[in-house]
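Q: The primary structure of each chain is shown beneath.
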Amino acid sequence: MQTKQSSVKVCETTITDEDEFISFFDTNYNLFKDYLIVINGDISEKIESYLNEKKLSFLQNVTLPKGKGRKPVEQELENERAKYLNAQKQLEAELLKSTTPEPVQQRDLKVLDSLVRSGQELNIDGDLLLLNRVNSGATIIIDGNLIITQVVDGSIRCNGNFMMLKASPKANIIFHGVEVDNSFLKDRLNRVELKNNEIVITPVLKEQNWGA
Amino acid sequence: MGSIIAVISGKGGVGKTTTTANVGLGIAINNKRCVVVDFDIGQRNLDMILGLENRVVFDIVQVMDGEANVKQALIKSKFDANLFFLAASQTKDKSVLDSDKIQKLVTDLAEDFDYVILDAPAGIESGYEHTIEFADSAIIVVNPEVSSIRDADRAIGILDSKSQKVKEGKEVIKYLVINRIDPKMVQSGEMLTSEDILEILSIPLIGKVPEDRGIIDASNQGKPIILDKNSPAGQAYKRIATRICGEMVAMEDVETIQTGLMSKIKGMFK
Chain A
29 MQTKQSSVKV CETTITDEDE FISFFDTNYN LFKDYLIVIN GDISEKIESY
79 LNEKKLSFLQ NVTLPKGKGR KPVEQELENE RAKYLNAQKQ LEAELLKSTT
129 PEPVQQRDLK VLDSLVRSGQ ELNIDGDLLL LNRVNSGATI IIDGNLIITQ
179 VVDGSIRCNG NFMMLKASPK ANIIFHGVEV DNSFLKDRLN RVELKNNEIV
229 ITPVLKEQNW GA
Chain B
30 MGSIIAVISG KGGVGKTTTT ANVGLGIAIN NKRCVVVDFD IGQRNLDMIL
80 GLENRVVFDI VQVMDGEANV KQALIKSKFD ANLFFLAASQ TKDKSVLDSD
130 KIQKLVTDLA EDFDYVILDA PAGIESGYEH TIEFADSAII VVNPEVSSIR
180 DADRAIGILD SKSQKVKEGK EVIKYLVINR IDPKMVQSGE MLTSEDILEI
230 LSIPLIGKVP EDRGIIDASN QGKPIILDKN SPAGQAYKRI ATRICGEMVA
280 MEDVETIQTG LMSKIKGMFK
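For the record, the sequence lines run as chains A and B. Heads up: the first sequence begins at 29 in our numbering, then just goes up one per residue. Heads up: the second sequence begins at 30 in our numbering, then just goes up one per residue.
It is worth saying that the hints were derived from the structure and are not from the lab. Treat each hint with caution, since some may be false.
Stated by the list, open to error - Taking CB as the label site, the calculated pair distances span:
hint: 1; chain 1: B; residue 1: 191; chain 2: A; residue 2: 209; range: 36 to 44 Å
hint: 2; chain 1: A; residue 1: 124; chain 2: B; residue 2: 200; range: 23 to 31 Å
hint: 3; chain 1: A; residue 1: 157; chain 2: B; residue 2: 196; range: 24 to 32 Å
What the hints assert, rightly or not - Heads up, incomplete: computed chain B residues facing chain A, CB under 7 Å, no partners named:
hint: 4; residue: 30
hint: 5; residue: 31
hint: 6; residue: 105
hint: 7; residue: 107
hint: 8; residue: 182
Source: prediction; values computed, not measured. All C-beta atoms, glycine included, are put in the ideal place defined by N, C-alpha and C.
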């Protein structure tokens, strides 16, 4: 698309007395011949033929855009941008709220010191500290946080803020619906947690000596 | 009142029946009155291993149904006068078992004998649950391989939740027998070590039995391997029986290869 910009001088007027109008334009013809004449109100045939005869370009009943200086224009643009950014920020904040629930620190901690054997399924609502093994074929399903101090050979389904465990290659560990690679969990206790929608595994470096 | 011991494994073919026969005979040799009961209704084998196949007249189901009394059904062992045997029914199936009748039978037997040993069927179905229901203790037989360990783990879990003693708030005493240990395979790392097994199952060990080719022949002959003084497995069963009778016997190392000229020479240089 090709555009062409140009500034036009405008003479805006309302006709009350036709003769006065004609005589005004007759006397000032040289001044107004390149102007755009804008007439508010009715135009009689007499005036129209006069204007055509004089080859004056004219428009009837238009609202002309009033140009602004550079400064107010820039100010306006700046305001628009700030508004847009604010809206964007609010949207992001709302999105974040809906995906990450309020972190629950601790809830109904249970402490168990029994071996979880094959075929057993523990369904825990809350947190669990297990001081024994989870054998192959056993399952723990838990809503809260989970710490297991002995080796895990079985299955874990954890939806808490974090879990801390040591798993053998046989184990099946699922944290918030995502299978955790066992090779990251072997040999030592590991802390598995959810940070900004990402699963972060941190090895607990020192072998813990659990009050033994 | 005698002790009621269930011999369980979860998985089949790990040596439950062989263990029952040999440990039963071992207890009898220790001068304790012992009865072994085959609870594997429909698939009895214990009669053959004890060499009493042709002596079975009445079976456990007939006793429980009142068709015969216990005295008539008990068969005395050829090998030791202290050992008696009660056969399973070969024609009926596990569904004929009933808790009340089993309780009456095993408590009656426990009145007469020092040890009542129940040979459980493989698996964890009703037949298994009935066997463990009234047991005071259990011998868990495993092989050093993962599927046997997992099945035993499951069987122990059921034992800990379904047995009468647990329901009364008491604990069922558990003994672990690691059966068919092949020293060569343990040395090469192909078999699980006893330490691994004990860590997984976390029950006390009562004996390790090495793999022994003589066992198949012994079963075919109907002469339990415990009677063979030269069999390492037979000797292992003898030690287990003595431990069950309450005597302390040191654990023998059956996981290192002890025979053979080369290892003896190596041993000299250690």
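Q: Sort out which numbered hints this structure fails and list those numbers smallest first.
A: 2, 4, 5, 6 and 7
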